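Asks: Sequence:
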Amino acid sequence: MNNDENNAQFNDKNTKKNPASTSNATATATAIITAKNEGTNLKEYNNLMPKTIEEIKEIQARGRKLLIKRKYIKRSRFGLQNQQPKSEEELRIEKLQREKDIKELPQQIVYSNYYNDEKFEYRHVVLPKNLARWLPQNQILKQEQWIEIGVHQSSAWEHYMIYKPEPHILLFKREKDYLQKYGDDKPQYPPEQLELLKQQIQQQQQQQQQQQQQQQQEEEELSAAIDSHNTNNPSHPPSLTPPLLPAPAPLSPPHPLHHNIGK
3 MNNDENNAQF NDKNTKKNPA STSNATATAT AIITAKNEGT NLKEYNNLMP KTIEEIKEIQ
63 ARGRKLLIKR KYIKRSRFGL QNQQPKSEEE LRIEKLQREK DIKELPQQIV YSNYYNDEKF
123 EYRHVVLPKN LARWLPQNQI LKQEQWIEIG VHQSSAWEHY MIYKPEPHIL LFKREKDYLQ
183 KYGDDKPQYP PEQLELLKQQ IQQQQQQQQQ QQQQQQQEEE ELSAAIDSHN TNNPSHPPSL
243 TPPLLPAPAP LSPPHPLHHN IGK
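In the working numbering, the protein residues as written are 3 to 265.
Think of the hints as simulated: they come from the structure by calculation, not from any bench.
Quick caveat: nothing in here was measured; it's all calculated off a predicted structure.
One thing to keep in mind: the hints can contain errors.
Stated by the list, open to error - Taking lysine-lysine pairs in the DSSO-like style, the calculated list, with each CA pair at most 30 Å apart, reads:
| id | residue 1 | residue 2 |
| --- | --- | --- |
| 1 | K121 | K105 |
| 2 | K166 | K200 |
| 3 | K144 | K97 |
| 4 | K178 | K97 |
| 5 | K121 | K97 |
| 6 | K178 | K102 |
| 7 | K175 | K188 |
| 8 | K131 | K105 |
| 9 | K183 | K166 |
| 10 | K188 | K88 |
| 11 | K166 | K88 |
| 12 | K175 | K200 |
| 13 | K144 | K105 |
| 14 | K188 | K200 |
| 15 | K144 | K88 |
| 16 | K102 | K183 |
| 17 | K88 | K105 |
| 18 | K88 | K175 |
| 19 | K102 | K121 |
| 20 | K131 | K88 |
| 21 | K105 | K183 |
| 22 | K97 | K183 |
| 23 | K88 | K121 |
| 24 | K102 | K188 |
| 25 | K144 | K175 |
| 26 | K166 | K131 |
| 27 | K88 | K183 |
| 28 | K131 | K183 |
| 29 | K183 | K144 |
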């Protein structure tokens, strides 16, 4: 009998002699596997490879870590629940800073040229970030809101889109060729500046009317003078061209003394 047969018989004898120890070992192994696979939410493990089980456990563990690190913070519609109200001094300083920014920063606003499609013309306005912070965030603006911080432009522009990557860039649109169709009937300026604009327009119109009246009066006077001359001298009509001036005297050559001094 060879060694393999002896080993086989020896193993069979041990198995027969210690059936309880064999069942205990099996139960222990099952418990270890169950503990190892605990938390994977898998009902059966027999049909899965150990590598697959480990991958699932790793994914679930990673997911739990992410959930722990990034807990959802419930926010109210009106801001953070735990936000402390500002004191009177803080509100006063904030108001002064707002007034200062609105007074000094509008000169840094950059207005783009117009660009259009078939229906609308567009433009964008770039605000200094310290000025844009005084605008309401994440909402379409009303005309009064952008006028208040110093965005002044011609008629009919409307804020139509929030540019998330750069909220200090305002996007506007209006009907294509609006000014050519309707004129600048409602410019987007503060009321006090609108009054000044109206006064300036009225002054320009008055100046144009005065110039037209003066030109018309001069033409009438010239026409009357021509008619009067024709009546008095019918054979010699007046010339409408101004008289010729005498030709200028020729320039004399420079004096020899001055010429030598120049060298």
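Asks: A separate judgement is required for each hint: does it hold in the structure or not?
Replies: Against the structure, the hints:
1. Pair hint K121 plus K105 does not hold up; C-alpha atoms about 36 Å apart against a cutoff of 30 Å.
2. Of the pairs offered as hints, the one joining K166 and K200 is violated, with about 37 Å between alpha carbons and a cut-off of 30 Å exceeded.
3. With a CA separation close to 21 Å, the supplied pair K144 and K97 stays within the 30 Å bound.
4. Among the hinted pairs, K178 with K97 is inconsistent with the structure: their alpha-carbon atoms are about 39 Å apart, more than 30 Å.
5. The hinted pair formed by K121 and K97 fails the criterion: a straight-line CA distance of about 41 Å is larger than 30 Å.
6. Of the supplied pair hints, the one linking K178 and K102 is violated, its CA atoms being roughly 36 Å apart against a limit of 30 Å.
7. Of the pairs offered as hints, the one joining K175 and K188 holds, with about 15 Å between alpha carbons and a cut-off of 30 Å not exceeded.
8. Straight-line distance between C-alpha atoms of K131 and K105 comes to about 15 Å, which keeps the hinted pair within the 30 Å bound.
9. For the hint pairing K183 with K166, the CA-to-CA distance comes to about 33 Å; that exceeds 30 Å, so the pair is violated.
10. Simply put, K188 and K88 have alpha-carbon atoms about 39 Å apart, too far for the 30 Å limit, and the pair is violated.
11. Taking the CA atoms of K166 and K88, the gap is about 28 Å. The hint holds against a cut of 30 Å.
12. For the proposed pair K175 and K200, the alpha carbon gap of about 25 Å is at most 30 Å, so the pair holds.
13. Distance check on the hinted pair: K144 and K105 sit about 20 Å apart at the alpha-carbon level, within 30 Å; holds.
14. For the proposed pair K188 and K200, the alpha carbon gap of about 11 Å is at most 30 Å, so the pair holds.
15. Between K144 and K88 the alpha-carbon distance is near 26 Å, which keeps this suggested pair within the 30 Å criterion.
16. Annotation: proposed proximity of K102 to K183 is violated, straight-line Cα distance about 39 Å (limit 30 Å).
17. Between the alpha carbons of K88 and K105 the distance comes to roughly 24 Å, so the proposed pair stays at or under 30 Å and holds.
18. For a cut-off of 30 Å, the pair hint linking K88 to K175 is broken: about 37 Å separates their Cα positions.
19. Among the hinted pairs, K102 with K121 is inconsistent with the structure: their alpha-carbon atoms are about 39 Å apart, more than 30 Å.
20. Distance hint between K131 and K88 is fulfilled; the C-alpha atoms sit about 22 Å from each other, no more than 30 Å.
21. Using a Cα cut-off of 30 Å, the hinted pair K105 and K183 is violated, with the two alpha carbons roughly 34 Å apart.
22. A threshold of 30 Å between alpha carbons decides the hint, and for K97 with K183 the separation of about 41 Å lies outside it, so the pair is violated.
23. Of the pairs offered as hints, the one joining K88 and K121 is violated, with about 47 Å between alpha carbons and a cut-off of 30 Å exceeded.
24. Taking the CA atoms of K102 and K188, the gap is near 28 Å; set against the 30 Å cutoff, the hint holds.
25. For the proposed pair K144 and K175, the alpha carbon gap of about 13 Å is at most 30 Å, so the pair holds.
26. Distance check on the hinted pair: K166 and K131 sit about 14 Å apart at the alpha-carbon level, within 30 Å; holds.
27. A hinted pair counts as satisfied when its Cα atoms are at most 30 Å apart, and K88 with K183 does not qualify at roughly 49 Å.
28. Only pairs whose Cα atoms come within 30 Å are accepted, and K131 paired with K183 is rejected, the gap being roughly 35 Å.
29. For the suggested pair K183 and K144, the alpha carbons sit about 24 Å apart, so the restraint of at most 30 Å is met.
In summary, the numbered hints that this structure violates are 1, 2, 4, 5, 6, 9, 10, 16, 18, 19, 21, 22, 23, 27, 28.
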